[in-house]
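Undergrad: Taken in order, these protein sequences are the chains called P and A.
Oh and the first sequence: position 7 is 96 in the numbering used here, straight run, nothing missing.
Oh and the second sequence: position 83 is 103 in the numbering used here, straight run, nothing missing.
Please note: incorrect hints may appear among the correct ones.
[What the hints assert, rightly or not] Calculated pairs, DSSO-like style, for lysine-lysine (alpha carbon to alpha carbon, straight line, at most 27 Å):
#: 1; chain 1: A; residue 1: K270; chain 2: P; residue 2: K427
#: 2; chain 1: A; residue 1: K270; chain 2: P; residue 2: K320
#: 3; chain 1: A; residue 1: K269; chain 2: P; residue 2: K316
#: 4; chain 1: A; residue 1: K131; chain 2: A; residue 2: K103
#: 5; chain 1: A; residue 1: K51; chain 2: P; residue 2: K320
#: 6; chain 1: P; residue 1: K317; chain 2: A; residue 2: K269
#: 7; chain 1: A; residue 1: K62; chain 2: A; residue 2: K103
#: 8; chain 1: P; residue 1: K427; chain 2: P; residue 2: K416
#: 9; chain 1: P; residue 1: K477; chain 2: P; residue 2: K427
#: 10; chain 1: P; residue 1: K477; chain 2: P; residue 2: K416
#: 11; chain 1: A; residue 1: K196; chain 2: A; residue 2: K51
#: 12; chain 1: P; residue 1: K317; chain 2: A; residue 2: K131
#: 13; chain 1: A; residue 1: K270; chain 2: P; residue 2: K316
[Unchecked claim] So the derived label-pair ranges between C-beta atoms look like this:
#: 14; chain 1: P; residue 1: D107; chain 2: A; residue 2: E278; range: 40 to 50 Å
#: 15; chain 1: A; residue 1: M202; chain 2: P; residue 2: K392; range: 26 to 36 Å
#: 16; chain 1: A; residue 1: D53; chain 2: P; residue 2: I255; range: 29 to 39 Å
Quick caveat, the hints were computed from the structure, so don't treat them as lab data.
Keep in mind the model is a prediction, meaning the values are calculated, not measured.
In this text, a Cβ means the ideal position worked out from N, Cα and C, and glycines have one as well.
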Amino acid sequence: MSDHDYTPKSKVGKWFNDRLPLLTLANHLTDYPTPKNLNYWWTFGGILTFCLITQIVTGLTLAMHYIAHADMAFESVEHIMRDVNYGWLIRYIHANGASMFFLAVYIHIFRSLFYGSYKSPREIIWIIGIIIYLLMMAAAFMGYVLPWGQMSFWGATVITNLFSAIPLVGEGIVTWLWGGYSVDNPTLTRFFTLHYLIPFLILGLVVLHIWALHVPGNNNPVGIDIKKPSKDTVPFHPYIVIKDGFALLMFMIVFAFFVFYTPNILGHADNYIEADPLVTPAHIVPEWYLLPFYAILRSVPDKLLGVVAMLSAILILAALPWLDTSKIRSAVFRPLYKQFYWILVADVLILGYVGAMPAEGLYLLIARVATAYYFIHFLVILPVLGFKEKTIPVPLSITEPVLGGSVNFATAKNKESTIDK
Amino acid sequence: MKNFLKITSIIISLLVFSNNSVAAEKVEYLKTDWSFKGLFGKFDRGSLQRGYQVYTEVCASCHSMKYVSYRNLAEAGGPEFSKEQAKAIAASFEVVDGPNSDGEMFTRPGKLSDKFVMPYENVKAAQAANGGAYPPDMSVLVKARGGGVDYIYSLLQGYEDPPIGLTLDDGVHYNKYMYGNMIKMANPLSDGLVEYSDGTQASIEQMSKDVTTFLMWTAEPHLESRHKMGFKVIVYLFILTVLVYYSMKKIWSRIETEV
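Start from the sequences, fold in the hints, and give me the full structure.
TA: Below, the structure is given as structure tokens:
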């Protein structure tokens, strides 16, 4: 592709590369043509990879000291916090790392929603992403159970009980999940096993996610197809590598602040009380990143329908490439969609807030309205908008409007200034 | 870039704010100046040592502290008693050990490696001795309560006569900071209850502050090294970020796009 392509010089290197071209794969990764107008919202893919690796490395270390037993789990966590060398650091990185992971994944998802990255030809990338997100939620939920505090125990009880809403086989499934007739030691050991397994499934899916991305290449803030390689692209290395590195460092500063100065602010105090099956906490709340879905679950009066609504709220995202009928990808050129986009962001934040509040009175009413709006956005507004909306003319290339001469010059230039640099 | 920073900072502050508002109770807690708060927060050694005295003379008759060992008392970042002092403290407790070669359990003086001796043999015994209420283990108590140190500090000073019209059952006390205002623990502190060896006046307020500081340390024994390391890590990351920023500018200057 270019004159600085790496080719193995040594005999062994050549021999190996002829049989498995792993060494020349580096050429693809470094040359990978990337749109040069990507803004900082595009740096979260790299940040998420960092989060996954951090969770795996700290998780492995914790697993060396943690004891998955109902009578010893809580104590072993305190042992890690007190007596394992830098155990407190590793555990706080792991616990806050989960929150940071979700913070980054939400930004990543909402970036995709804004710039229409899920649209053709990137549907598979998007769907793999949704599966990763689902697995992340499963891993995070099971990880939260492991310290065997009060919220661990009761969170596990509430969430696993959701399966009892399934007609006929529900109760049987719950018993099967628990490995007994209540959340107990068998539940803890299987959750630990699965919590250990899922990150590696995620890792495999991340490879597929990136592979699928490298087929059509990145979307970009203008949302147009670009020629690759061309004036509109830069090679991944060094341009994107250094930019992602810079963004990652800023992210790490925020991360470090949580770990070193407010390590427990994102957790719940009750989880420092050892699990007690006889005492139910006043309010059972999941971790912040699950709150919007928890709010949707509780806003439906019927248990089964509530579970269906909660699952649909996530699965509906997988159908998004077909629900959004607009041919234009980027919200920059969709004045109406842009407004509905921000309403959706507000709606999800509101759902998160009411999810943390008791499900009664005004909170319940707000949760119901917000839940209804969430589904209306995807099922009504998006499909209709594609046909009704009058979009702004899209430039033909990323560089062209800047160089001038295009019919879209004025609009494009105007828009260019609003695109985040 | 500006937009990006604005939006992310809003999201993060929302996150922290909403988690805080959920945890916060309706009552305003009493405030005091905790030495361990802030970027460079450290424990006040004197306060920790006095706090240990309050714990061991007052609280320990009902509240266990099963994750803390006597050796911790002499470790850096804690009350930092001398090793001899800590040994003497440990030796003043009778520890059940065994079985010995005859298969018998025996008692011996405590050693540095022993965990704090528990006031009751088990939860049931603790409940039986306290009118059915289990005095919670104090090792991580500060982290296990929504209001943290401010809550514990206020609770210890929150005992009042119940409002007129409210009759309390036997063994139940009124405390304006307790969840639901009813607490099974009788007011544990009174002025001059302990005699501080360093001459500090043992007022209820002073004892509350000292023992709460001590509880903060037992919950977060590595708080000082965490703060110290955090500062170094953030300074390191900040310098690296600046360097990478200028490298990035330099690299991107080869093409006409802003970064």
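Undergrad: Against each hint, give a clear statement of whether it holds in the structure.
TA: Results for each hint:
1. K270(A) with K427(P): violated (34 Å)
2. K270(A) with K320(P): holds (19 Å)
3. K269(A) with K316(P): holds (25 Å)
4. K131(A) with K103(A): holds (11 Å)
5. K51(A) with K320(P): Given that 27 Å is the threshold and the Cα spacing comes to 61 Å, the pair is violated.
6. K317(P) with K269(A): holds (24 Å)
7. K62(A) with K103(A): Given pair K62(A), K103(A) holds - Cα atoms ~21 Å apart, limit 27 Å.
8. K427(P) with K416(P): holds (15 Å)
9. K477(P) with K427(P): holds (14 Å)
10. K477(P) with K416(P): holds (12 Å)
11. K196(A) with K51(A): holds (15 Å)
12. K317(P) with K131(A): violated (72 Å)
13. K270(A) with K316(P): holds (26 Å)
14. D107(P) with E278(A): 40 to 50 Å: holds (43 Å)
15. M202(A) with K392(P): 26 to 36 Å: holds (33 Å)
16. D53(A) with I255(P): 29 to 39 Å: violated (55 Å)
Checked against the numbered hints above, the structure breaks hints 1, 5, 12 and 16 and satisfies the rest.
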